[in-house]
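K.L.:
Chains as they are written, first to last, in this note's numbering: chain F, 1 to 388; chain P, 389 to 826; chain S, 827 to 1363; chain Y, 1364 to 1616.
Where hints are given, some of them may not hold.
[Unchecked claim] No more than 20 Å apart at the CA atoms, straight line, and that leaves these computed lysine to aspartate or glutamate pairs for EDC-like:
| # | chain 1 | residue 1 | chain 2 | residue 2 |
| --- | --- | --- | --- | --- |
| 1 | P | Lys586 | P | Asp553 |
| 2 | P | Lys772 | P | Asp651 |
| 3 | P | Lys493 | F | Asp204 |
| 4 | P | Lys560 | S | Asp871 |
| 5 | P | Lys724 | P | Asp739 |
| 6 | P | Lys495 | F | Asp204 |
| 7 | P | Lys772 | P | Asp558 |
| 8 | P | Lys705 | S | Glu1190 |
| 9 | F | Lys365 | Y | Asp1509 |
| 10 | P | Lys772 | S | Asp896 |
| 11 | P | Lys772 | S | Glu1190 |
| 12 | Y | Lys1426 | F | Glu244 |
| 13 | F | Lys351 | Y | Glu1464 |
| 14 | P | Lys622 | S | Glu976 |
[To be verified] Covered stretches of chain P (chain S as the covering partner; in silico rule of three or more C-beta atoms under 8 Å from a C-beta of chain S):
| # | stretch |
| --- | --- |
| 15 | 602–612 |
| 16 | 627–640 |
| 17 | 643–650 |
| 18 | 663–669 |
Calculated from the structure, these hints are not laboratory results.
Ideal Cβ positions, reconstructed from N, Cα and C, are used throughout, including at glycine.
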Amino acid sequence: MTPHILTRSLDRSATVFLVVVAGLGVLIPLSNLLLPSGSALQVPTYLVALFGKYACYAILALSIDLIWGYCGILSLGHGAFFALGGYAMGMYLMRQIGSRGVYGNPILPDFMVFLNYPALPWYWHGFDMFWFAALMVVLVPGLLAFCFGWLAFRSRVTGVYLSIITQAMTYALLLAFFRNDFGFGGNNGLTDFKDILGFNVQADGTRAALFALSCLALIVAFLICRAVVTSKLGKVLIAIRDAESRTRFLGYRVESYKLFVFTLSACMAGVAGALYVPQVGIINPSEYAPGNSIEAVIWVAVGGRGTLVGAALGAVVVNYAKTYFTSGPLAPYWLFMLGALFILVTLLLPKGIVGTFNAWRESRKATEKANAESAALEDGVGEPKPAE
Amino acid sequence: MVTKLTHDIATLSRRRWLAATAGLILGLAAFSNAKAQETIKVGVLHSLSGTMAISETTLKDTILFLIEEQNKKGGVLGKKLEPVVVDPASNWPLFAEKARELITKDKVSVVFGCWTSVSRKSVLPVFKELNSILFYPVQYEGEESERNVFYTGAAPNQQAIPAVDYLMKDEKVKRWVLAGTDYVYPRTTNKILEAYLKSKGVKQEDIMINYTPFGHSDWQTIVADIKKFGSAGKKTAVVSTINGDANVPFYKELGNQGIKATDIPVVAFSVGEEELAGIDTKPLLGHLAAWNYFQSIKSPENEKFIKAWQAYTKNPKRVTNDPMEAHVIGFEMWVKAVEKVKSTDPDKVIDALPGIEAKNLTGGTSKMLPNHHITKPVFIGEIKANGQFDVVWKTPGLVAGDAWSKELEGSKDLIGDWVGKKCGNYNTKINKCGGQGS
Amino acid sequence: MSANFLDRLRALLLAISLAVAFAAPALAGPFEDAVAKFANDDFSDTDEAIGAVATSGNPLAFPIISALQDGRLSADPDTKKVFITQADGRVIDAATGAAVDKLPDNAAAVRLNNRLRRAVEAALGGLTLLSPDPAKRIAAAQSVFKSHEESALPVIDGALAKETNKSVKAAFAEARAAILLYKSDATEVEKLEAVAVVKARGDQEAMALLTGLGNDLPPNVARAAASAIASIQSNLAMWSMVQNAWYGLSLGSVLLLAAIGLAITFGVMGVINMAHGEMVMLGAYTTFVVQEVIRSNYPGLFDYSLLIAVPLAFLVAGAVGVLIERGIIRFLYGRPLETLLATWGLSLVLQQAVRTAFGPTNREVGNPSWMSGAFELGQITITYNRLWILCFTLAVFVILLAMLRYTALGLEMRAVTQNRRMAASMGIATSRVDALTFGLGSGIAGIAGVALSQIDNVSPNLGQSYIIDSFMVVVFGGVGNLWGTLVGAFTLGIANKFLEPVAGAVLGKIAILVLIILFIQKRPRGLFALKGRAVEA
Amino acid sequence: MSVMEGRTTSALLYLDGVHVSFDGFHAINNLSLTLEPGEMRAIIGPNGAGKTTMMDIITGKTKPDEGTVLFDGMIDLTRLDETHIAELGIGRKFQKPTVFESQTIEDNLLLALNVDHSVKGTLFWRGSRDESERIDRVLETIRLTDARNRLAGSLSHGQKQWLEIGMLLAQDPKLLLVDEPVAGMTDVETHQTAELLKEINKEKTVMVVEHDMTFVRELGVKVTCLHEGTVLAEGTIDQVSSNERVIEVYLGR
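Could you put together the complete structure from these sequences and hints?
P.N.:
Here is the structure:
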């Protein structure tokens, strides 16, 4: 990627976002590891794991925002790519257990032993090597997205139809992964991980490192998204979002653009899933549940569709609310709150938190400018209006 | 006049509202003050929303009820017990997150929770890492014995195998349909049963295995297949490990297609009083369930418990079931262990628990074993028209729970022993810990 | 079949034939001893008692055993006395038949288990071969057919000679053939005739009977039996196709019912209502409430509970639908994806609300008697509840179609679908039409809930399990076309049911989903898509 | 690309015997029409005459049931999709002005420029002097230079029409299809638009669909009147407007 793409992509809010994420990515692990436990400033390990989870969700939200916010593709099956990435990582982690499983079988994971697998299924080979697993984390979701997108975009399945068939896709995967014959551990999924790259996944140091890595991945994902949306390709994406058929008549091959950005987004979701799994310690088919994917879209809507910072922020805010409200006396009511949040945000805050804030700021700027202009000169082009 | 009245009402309601708010704030303050007092915290990790709420909500209420009863008796070690309830919302990673929160943030001494195997698997690394205690109250597939987990539900040998024995001996069943939901518990149980049946001389062609997805609702084809399989001239029975929600449409279809218990009896391992409360049981008369507890069992302990429970829930029709009893036993064992070592320190309690005995509700005394499973009686009940079970058979004594199934190739040499051998997967053949070895 | 049971049956039939032949008077002593065994509350003793009573030839045998089956036989464990509560409420002593004032306080109903229930049925079957009720005679003949017990032959022969009822006669003939087939000293001609009779019966049980024959048959008979098996097999294979088709229709009707409301809200208004499933759930809970009220206040009306629930469910779900449209959806027209998200939030709220109000567990909704049970059509079993649901679905479909075609609201709805702006300028109050259309779609979902309560769980999760399937049906059939939804639902239902025996339930469902995804690529707007410029706008 | 064997016609656009029906409704019925290079043609006709559908056919949005549609004498347009046809050099302005409302006017034009339209090309695109000069020229032509940084959504209806024409210019096609360019414009704007189109016609072939008779008269070009998907009359505006059948269609019934 050429430098001008990077420089172009950094405006003020992007820079602030990057600095904050980088700061947290450094400070939280340091505070967790260096400060004595119990001190007021020390971040307890369970919070590190929690924040790491949020960071992964934020990457997922970015990937959804990239296609929905900028290209108008509402995927209600992005959880599938997230989960596929997670499974690829989970398979690596399972292979790392080696003979420390409860049955002590050096090759077969525990669930295969008690379901009497005679040998490792062919698709489990190679996952004992990290580089291979890491490649699969990106490749498998990317390939699925490419095939799915190639079929769907070429035949111009758009709007709600696309949303519904993405639901069908993730639902079909959900059913498939639930099957124990499929060789991915069925409903229990993959769990009881021990090591990642030789480090104990439960050690504080590993957790801190994974958190820092998640922040780094978030930064990289953010930069990639910014680079894409601020390039001319980003303008084409927005053009497709706003007037797909116009874009076609201008001579753009809309399906190629959609396919590119959809695949890119799926790869990002896969990476998010891969980082998520060692931090939460389990990957199981419920990650494919259609509801999960819809929920991820809500994060983006809450934060602000079409603003990358908003998407990441939305993921963190909604998930923090979920963490907060599922404990304590409000626990029985949290679904009411979650549901109400979805309704209120779509009704009252259609641009999300960041989008609304931006609009407010711009309208203020525009008013100031208009005042200044009308004082100076009436140029007849027409009165400046606030954006939309 | 009217305006004055509305004004009054408005002021009144505003005042009320203010008072209520103030009360709430005070209440919260009192609540947090109470926290400052020395209590022993007990974590409750059961889903209150989502798909598993249907089963788990009752267990949350059970623990709250047990804590209240215990506190009436003066608590434990002179301290009151304080429940900390969280909602993992039927979401497995959230189970792990909430478990972590309960142990590190709320500093609970023990957690009662989980229903599905996957939720247990999800929290297991957390309990190991943070060294805390989980009481798991549901019948499960076995093949596990962990230091930090105490399994108060049935292992396969405490439910599945006695049930099959009963059908073989008493009903002379020769042909078997093993129908289950496609997840680990039915898979493992059916694997164990298949091996067991074959060891009893049942041929492969007399065993039909069928798996369906969660929440399967269209049972026409499968019930017809069962009917067909059952009309081959040999006495046939269905062993059902069908999970929760799928049972209602399954039994409805059975009833409507006219399969009576006298023709093809169905013995279920996941259908209890709670599930039957949602079904019209008249067509199901005589179908069976195997559990370690039935509400209809007559014993002074049980009658007392049911009475107190119905009073606590203010619902004279509220039913009780097997996982509830498991919590009752587990809770009492934990209390006794804590009182024995006069501490809630997890290591001490874990070491003290094996050997602890507690009265179960069916008139016997269950004992915690070194493999962290307990001894339980096994009952076979027939469904009655009133949604209860009529016990038609029971084991002569208590059955000790096997962590590792003797019927499976991978685990037949393993035992769990946290007292002598200090591990959960001791291999009796090579005399060391670590599974099958290599 | 247990040997012990067969022994008993043999003894029983012998006793009956003796009774028929000599009309022997009842003996007192052993009968009373046998009756007293009922009081021991021990399954083996009860078993013996049943055998002894049934073979006693005592006139009280039939009342005792039928009372046992109905739970009207009670025993006093202390005095070992056994009592029959008669249908009119009077109590008699089972051993003597003498009237008793009332049951002793500690008398408890004699318990049964499945084994005993079978023994009771067999005993009653033997006692009813000569029953005046033809239905009971047929049932008795059926149990002889299954047991093919030689000792029953004289009774059957006698009964067959006297029998005038055609279907009972056929049943006796089949029972006789079954006995002859297994009778070692039957002639070859008899056996060949028997094979022909059993072959004509042609069902699963006939096949079980033939496959169960041993190897020591005369070669001619063995050949005939083999060919009979083959013919029954191919016959059954044909029927199993019919059965699959029926199951497919039945599943299709459920899908159609769940999707048809969606076809209106989604097809006519373009609103993606993710809370559609919850409307179905509300309908099911309405049924539950109606049944509860009827149970506690007007138990006689129970069989009509569904008829009462249908309009109520329509009103409840429809009213909620109108509220949703007025409160949320009307602010989101033209933003289908946002509507999707908001209604999904709404579905969470509704689910949790129902969970809070009714509890998280399943609630019991009973089947009225006219929806219970099944009947045989050829070699397939058709259950009444599925049949009624299919009829009901088609009725709803026809009514809806007629409504759209012939009523003013229908006309306005179609106008709004085809050209909203034009309709508005023609003076149609589009917002009123929107609210009513949405209410109609939701109301129909509510009606679907009434029907689904008969075959599925009534729980807060009820709706969720249908939402994806419903969307698949609508999208597959083509948006905005009710016929498309009809064809889509039945196609998916039948395809699913033909895949299920081959691939299993899970893989079958996955295959269907994948096929739909591929199908949408081929025809992005479904089977019956509207063509033309208007839909592009 | 589907290229015929040799050139069969000198016409830039050649339609012959084209049929399209939607659910039994014959939108285009045996339509035949040719457009010579450099020509400007006005298409008139009542509502539902098939004008927009004809444009849909030429630009590949709708596939005809039968008939020949040739571009440049040898390219069969019925086999190509919109993107391909646009790349061949056929530009289209929609009936309802369609611009990218949430992007600036400058970006709208930038997107329309006929430069590398591949994914890779746009991802690594860097502006060039040539491109910005071309945008400046177009802005000049459509008189929106001062508004270049405003969002297209904030333009008035007439301005959007112009922007869309500007986008056509930036696209630099051989054939422009212009659907109702003066709908909703003031008289002055209509006049200016006519002038603009005449200017454009100096270099390019243009097909204009319009209802506004004054505007068509002002263009002063050959007119084709469509009715029920087929050509009713063709000739100068005076010839066509005096044609009895045309009068009948417009005024009668």
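K.L.:
Confirm or reject each hint.
P.N.:
Each hint tested on the structure:
1. A distance of roughly 13 Å separates the Cα atoms of P:Lys586 and P:Asp553; the hinted pair therefore holds under the 20 Å criterion.
2. For the suggested pair P:Lys772 and P:Asp651, the alpha carbons sit about 17 Å apart, so the restraint of at most 20 Å is met.
3. Between P:Lys493 and F:Asp204, the direct Cα distance comes to roughly 16 Å. Compliance with the 20 Å bound is thereby established for this hinted pair.
4. With a C-alpha separation of about 18 Å, the suggested pair P:Lys560 and S:Asp871 falls inside the 20 Å cut-off, and the hint holds.
5. Proposed proximity of P:Lys724 and P:Asp739 is supported: the alpha carbons are some 12 Å apart, at most 20 Å.
6. A hinted pair counts as satisfied when its Cα atoms are at most 20 Å apart, and P:Lys495 with F:Asp204 qualifies at roughly 18 Å.
7. Straight-line distance between C-alpha atoms of P:Lys772 and P:Asp558 comes to about 19 Å, which keeps the hinted pair within the 20 Å bound.
8. Annotation: proposed proximity of P:Lys705 to S:Glu1190 holds, straight-line Cα distance about 14 Å (limit 20 Å).
9. Distance restraint check for F:Lys365 and Y:Asp1509: the Cα-Cα separation of roughly 19 Å lies within the 20 Å cut-off, and the hinted pair is therefore satisfied.
10. Using a Cα cut-off of 20 Å, the hinted pair P:Lys772 and S:Asp896 holds, with the two alpha carbons roughly 13 Å apart.
11. For the suggested pair P:Lys772 and S:Glu1190, the alpha carbons sit about 15 Å apart, so the restraint of at most 20 Å is met.
12. Between Y:Lys1426 and F:Glu244, the direct Cα distance comes to roughly 19 Å. Compliance with the 20 Å bound is thereby established for this hinted pair.
13. The suggested pairing of F:Lys351 with Y:Glu1464 holds, with an alpha-carbon distance near 16 Å, which does not exceed 20 Å.
14. Taking the CA atoms of P:Lys622 and S:Glu976, the gap is near 19 Å; set against the 20 Å cutoff, the hint holds.
15. Counting residues of the stretch 602–612 of chain P whose CB lies closer than 8 Å to any CB of chain S gives 8, which reaches the minimum of 3, so the coverage claim holds.
16. Counting residues of the stretch 627–640 of chain P whose beta-carbon sits less than 8 Å from any beta-carbon of chain S gives 4, enough to reach three: the coverage restraint holds.
17. For the stretch 643–650 of chain P, the stated coverage by chain S holds: 6 residues have a C-beta nearer than 8 Å to a C-beta of that chain, and at least 3 were required.
18. Figure legend: the stretch 663–669 of chain P, annotated as covered by chain S; annotation consistent (5 residues with Cβ-Cβ distances under 8 Å, at least 3 required).
This entry satisfies every hint, going by the numbered hints stated previously.
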